[in-house]
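Please model the entire structure based on the sequences and the hints provided.
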Amino acid sequence: MDKLMLYRQAIKNLLKEYADLSAADKDVDTQLLFDEQHDHYQLMHVGWKNGRRIYGSVIHLDLINGKVWLQHNGTEGDIAQELMALGVAREHIVLGFRSPAVRVHTGYAVA
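Numbering (our numbering), first residue to last: 792 to 902.
None of these hints come from the bench; they were simulated from the model. A couple of the hints might just be wrong.
[As the list claims (entries may be wrong)] No more than 25 angstroms apart at the CA atoms, straight line, and that leaves these computed lysine-lysine pairs for PhoX-like:
| no. | residue 1 | residue 2 |
| --- | --- | --- |
| 1 | 803 | 817 |
| 2 | 807 | 794 |
| 3 | 807 | 817 |
| 4 | 840 | 817 |
| 5 | 817 | 794 |
| 6 | 794 | 840 |
| 7 | 817 | 858 |
| 8 | 858 | 794 |
In structure tokens form, the structure reads like this:
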């Protein structure tokens, strides 16, 4: 399996695990969005709870130039560490939610 296929599968597996954790809430729909053509992957919550609108990305990952970009992590989990446990190399993970000036100090890829 080539690197991109491995990374795509790792991303999908990770998002499915988090989706399963979220599925217990029947008032809020958990949506997995996999755009393999453009390499965009998201876990979303959509619905209503206690009279309040719930809508937003929980986790957003992109594959850009062979690297996994962690664009948003709305969980308490360490998504980068979980990706590494699934076979994604540390030097191929970019913390996209951090400014480029901060990324150089994270131990992950800069871009």
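Now the hints, each set against the structure:
no. : hint       : verdict
1   : 803 to 817 : holds (22 angstroms)
2   : 807 to 794 : holds (20 angstroms)
3   : 807 to 817 : holds (17 angstroms)
4   : 840 to 817 : holds (10 angstroms)
5   : 817 to 794 : violated (36 angstroms)
6   : 794 to 840 : violated (40 angstroms)
7   : 817 to 858 : violated (35 angstroms)
8   : 858 to 794 : holds (10 angstroms)
Taken one by one, the earlier hints fail for this structure at numbers 5, 6 and 7, listed in ascending order.
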